[in-house]
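Student: Fit chains B, C and D to the given chain A structure using the hints.
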Amino acid sequence: MAILERPAIYEGTRIPSPIPTVLQVPDELREGGDILQVNFGPNHPSTHGVLRLIVDLNGEEVVGLEAVIGYLHTGFEKNMEQKTWWKAITYPERIDYVAFQNNEYVFVAAIEKLLGLDIPPKAVWMRTLLNELNRLHSHLVWLGTSGLELGAISMFWYAFREREQILDLFELVTGYRMHTRYFQAGGLAEDVPRGFYPECRKFVEWMPKAIDDYEALLSRNEIWLERTKGIGLLSAEDAIALGQSGPVLRASGVDWDLRKAEPYLAYDQVDFDVPVYPNGDVYDRYKVHIDEMRQSVRIVAQCLDVLEGLEGEPWIVDDRKIVLPPREELHTSMESLIHHFKIVTEGYRVPEGEVYVAIEAPRGEMGCYVVSDGGPRPWRVKFRGTSFVALEATATCMSNALVADLIAIVGSLDTVMGEVDR
Amino acid sequence: MTEPWWISLIKAFLIINLVMLAFAYTTLLERKLLGRMQLRYGPNRAGPYGSLQPIADLIKLIRKESFFPSSAIDLPYIVAPVISMFTALAAFSVIPFGAGWHLWHWHVDGEIANVSIALIVVFALGSLGIYGFIIGGWASESKYSLLGSMRTCAQLVSYEVSLALSVLGVVLMAGSLSLVDIVHKQGTTIPYAAPQVIGLLCFFVAGIAETNRAPFDLPEADTELVAGYHTEYSGMRWGLFQTAEYINMITLSALMVTLFFAGWHGPYAPLGPLWFFLKLLAVVSIFIWLKATLPRLRYDQLMRFGWKVLLPVATLNAVVTAALVVAF
Amino acid sequence: MSWEHVPGYVSEKEAHGEQTVVVEPGQLVEAALHLRDEEGFSFLSDISATDYLGWGQKGVAGYIGTATGRDLNRPAAQGFQILPELKPKRFSMSYHLLALRPGAPRLRLQVWVEDGEPVPSVVEVWPTADWHEREAYDLMGIRIEGHPNLARILMDDDWEGHPLRKDYPIGGEPVRFSSEE
Amino acid sequence: MPQPLDTVKGFGVTFKQIFKKPITQEYPEVKRPVYPRFRGRHRLWRFENGLEKCVGCSLCAAACPADCIRVVAAENTPDNRISAGERYARIYEINMSRCIFCGYCELACPFDAITLGNEYEISEYARDDQIYTKDMLLAPPIKRTPVADAELYDTPIPYYKEHA
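Residue numbers (our numbering), protein chains in the order written: chain A, 3 to 424; chain B, 1396 to 1723; chain C, 139 to 319; chain D, 95 to 258.
Hints were generated in silico from the structure; no laboratory data involved.
A hint or two may mislead.
Stated by the list, open to error - Derived EDC-like pairs (lysine to aspartate or glutamate); straight-line CA-CA distance at most 20 Å:
#	chain 1	residue 1	chain 2	residue 2
1	A	85	C	305
2	A	344	D	245
3	C	304	C	253
4	D	110	A	217
5	D	228	D	180
6	A	231	D	100
7	A	323	A	192
8	A	231	B	1695
9	A	80	C	294
Remember, predicted model here, so these are calculated numbers, not experimental data.
Next comes chain A alone, as it looks inside the complex (with noise of 0.2 Å):
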C-alpha cells in the first residue's frame, strides 16, 4: 500500500470527538438560537431510499450531522439462520441490490471456503465476468443518481441507457435482471449460453465511447469542477481510520484494492490498473469511478477471452453432495434422485467453523462473516456493508459544507440503504 503525497488543503478534516458519527453544533452556536434543524429523509428525493440525515443549519452552512438509520432494516441475517445453505443463497442479492453478483459472490464464496471446494476454470472466469459487469453497473447507478442529484439531469439517463445493456446481459445468462442466484456453491447454476459472447463483445467495444460522453459531459464541466472539487475532503489517515474503503478510500489517496491486495477469483490473471486519486473530494472520488469502469470493461474484454476458449468446458464441480444431479439422470438413476431429494429438503451440510471473506465490491471491502456449527443452516451470517461503513463517514467529510454540498458529499459515498440497513 502506498498513501500518495497529499495535498495542502487537507487542513482541517477530523473525525468529530467524541463521537466519529456525528457532527455536535458547537455550543456558542447553539446559544445563539440561529440553528434551524432540518429533517432531510428518510422521505427526501436525494437520500438514496431512506436515509435520515438530522442535519443543523446556520443560514445554508451544515453546521451539525446524524444520521440515523434503520428504516429499511429487514432481519436479513437472521432469516438466513433459518433457510438452509442453498436456500440463503437467495438472500445476499437483495442486500446490497445494486451490487448483487457481488453480494451473492461473498456468500457463496463463503460456504465454499467452509467447504473447501475447487471450483472450475469456467466459474472462476465467469464469476469475475459477472462481478465485473456488476460493477460497472454500480458504478453507473451512481454516476447516474449523483449527476441527477447535482443537477445534471441528462446524465441519469445516459448512464442508464449502459446499465439496461449490462441488465439485458445478465438476463440472457443467468435469467433474471437482478437477482440472479446464478453462483451456486461449486460453480454457476447453468452453463453460459452461446450467444452471450458475441452480445458481451458488442457491450465491451460500445462502453467506452459512452465513458467518453460521461466525461465530455462532466468531467471538464465547469460548474460541476466548482460543485466537486474541494468538498467532502477526508484525508487518508482518517479514511483508514473511519474504515472507507473502496472507491472513498482510493479517492484519498490509499492505492488499496483487495483484488490486487489478495487476490480472488482470476484477478490475479487479469492485467488491470488500480485508479489512485490523492484529494479525497469528491471530484477525485468521481474519477475513480469512472476510471474504474474503465477499468472493468478492460477486464471483462480479458475474461471473454479466456471463456471462449472454455467452450464445452464444466460449470459446476462434481460433486453429489453439494450439487443437484444434472437433470437428466433423474429419470435414470435412483441414486441420484435421493441425492436430489436430500439436497433441496435438508440441503448440504457445511463442516464447523468459522470464516470471514471479503471481496473488492463496488462499493469497496464486501465481508461476509459466517459460522457454521456443521448443520445444514448457516448459524450466523454477518455481512460487512460497506455502504454502512461509508455512511460513518458523514460527519468527517461534512466540515464547512453547505446544503448543496451535504447532497453531493452523501451522494459521493456511494451508499445502498438495503445494504446499510440490511
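Tutor: Okay, now just chains B, C and D, sitting in the frame of chain A:
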C-alpha cells in the same frame, strides 16, 4: 395615431390567452425536447404526439386537491401564487410583437401598451412578482420552503441589478426606454446582439437566474430543498406558481428578442409576429438545452458569480458603451 | 506466527487459512492498541457478535449414501456425525482486522462474554467501531462499555429485546393462500 | 483556471442525442422479447395424454426460499386418475406476490412439472388475485411474451426446456 381603448381591450384579452397557450406549449416543448436529449420520447399519450398533454395536465391540476397545511398563514399563502401570476402576465403587455397594422380605418399597434418607460415597467413588475415567491415560501411554514424562499429573495435581488445594468448599453444605443423605439432603431441599423454581445451574455445569464431556470434553479432545487418555496403547494395553486415561472421565462425570452435580436424584424416584413415567434422559440429552446446539460450551481457560488463577475462586467459594458455613444 | 505477546492472550487458532486470537474482554483495548500500533492492523473491517445459545444441542439428521462412494473423513459428506466443539461462553465478539500492506494479513481478534458481561469499546482505537458496536448492542444485546453514544441503531428506540439472539422469537407473517383448506 | 470551451463540449453531447432514436420502448404496444432463460410466471405441465406431471411430492414447496408454494397431495384412484404417479396435487397454489422468481422450484421438481415461463405481466389490483391456483397454473398464460432465439441464447441443459 392612437388606437381606441376597446381595441386594446380585445388585444389584451387575445394576448393573455395567447401567452397562456404559449406557456402550456412551452411545458410540452420542454418535456419533448428534454426527452429527446435524454433518449426518450417525452409525453406522447394525450393526443397525437402528446399534443394535448398540457390540456390534460391542466385538467389534472384543477381536479387535484389543493392541500392546505394547517400551520400555513392563510391569506399570504393563498394570495402568493396570484401575485406571481398577475405580475408575470402583466409584464407581457409592453412587449411589441409586430410593427402595427391598419384594419379598416383603425390603427392597431403591435403591442398592448406603448409605454415610453416600457423597460422599467417590465423590471418593476418582475421585482413585484418575486414577492409572490417569497411570501409563498414564508407562509407555508415549512423549513424547506423557508430556505427556498430565502434563496429566492437573495438570488433574485442580486441578479436584478445585473439584469438592469446589462440592458443599459442597449438603452444608450437606442436612446430610448420604449421597447417599440428600440425595435424600430434595430430595424434601421443592425440587431444589438452584435455590438452588445457582452451585454447580451450578461442579460442571458442574469435572466436565467431571474427566472429560476437551470443551472440557477436553486430556489426550487428539487434534490436539495425538495421543491423550495412551493414544497407545500399542490393542485392549481402550485399550477399558478408554475405558470408564473414559465411566463416569466417567456417574457424574458421575448425581452431578449426585442432588445438584442431586433424583435419582429425579419426578411419579409408582414410576417413580423411570425419572426418574433420563431426567435422566441429559439431562445426558449436554448433555455431548455441549458437545463439538459448543466449541473446546478451552489448557493454561495451563485452569489459570488452574481456580485463578483456579472455585476462588474455588466457595469463595465454599460460604461464603455456610454463612452462610445458619447464619443461618436 | 504466534500471538502470545498480545495483551490478555487466551488462545489462538488457525483454520481455513484464517488466524484467530482470543483475548480477555478486560484487556481488549490494550490488545487492540497493541495490534494497531505494533502489528500494523490499522484497518478494522468488521465487528461481528455471535450468539452460541444452544450450540451443539440440536439433533442433526444424517445424510446417507452417494453415487461415488463416501468419504468418511469429510463431515460435509456424510455418514458420520460429530457434534460441534463447545464454546467457552455464550457470546463471541469477533473483530476482523486487516493490515494495509502487501499480502493483506488478516486477523480475527475475539472475546467471549456471557449475557450482561461488558465488553470495552474500541471506538478510541478505531473510530469506525462506533456503528459496529452500536449494531452489536442493538441486535445482540452486548453491553459495550465506554461507548460515547450507545443507542439502538437499526431497530426503533423503544424496541424490546435483541432480535439476533437465538432465543428471540422468530414470528412472521403467515403466507396468504386461498381459503380452500 | 476556468476552461469554458470544455464546458461547451457537454452541450454537444446533449444536442447530438436529438437525432438519435430514443432508447425507451413504448411498452404496452412494443414488447421487448425476453431471453429464453427469463424467469416469469410459473406453469404446471401435463403429459400429452392429459395426465398431470405433478405428483404432489412438495419438493418445490421445500425448495422455495419465500415459502410461497402450497401443495396438498391426494391419492389417485382408478376411476379418478389425475397424475401419472401414485399421488397428485389436490391443491397447488403459488402466492405470486411473495414469489422472488429464483427458479428453485423448477430446479427442485424431479418430474419437470413446474417451470417458470417467460410472462412477466402478472400484476393485479388485489392481493388475493395474486394467489394462483392449480387451474390457473395449468392453463396456458393469457398474455404471451415474445422470446428471443432459444437456440442461441439458451443451453438445453435444463432438460425440461427441451421437452416442454
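Student: Taking the hints in turn, state whether each one holds.
Tutor: Results for each hint:
{"no.": "1", "hint": "A:85 with C:305", "result": "holds (17 Å)"}
{"no.": "2", "hint": "A:344 with D:245", "result": "violated (33 Å)"}
{"no.": "3", "hint": "C:304 with C:253", "result": "holds (12 Å)"}
{"no.": "4", "hint": "D:110 with A:217", "result": "holds (15 Å)"}
{"no.": "5", "hint": "D:228 with D:180", "result": "holds (18 Å)"}
{"no.": "6", "hint": "A:231 with D:100", "result": "holds (16 Å)"}
{"no.": "7", "hint": "A:323 with A:192", "result": "holds (18 Å)"}
{"no.": "8", "hint": "A:231 with B:1695", "result": "holds (14 Å)"}
{"no.": "9", "hint": "A:80 with C:294", "result": "holds (17 Å)"}
The structure fails hint 2 only (numbered hints given earlier).
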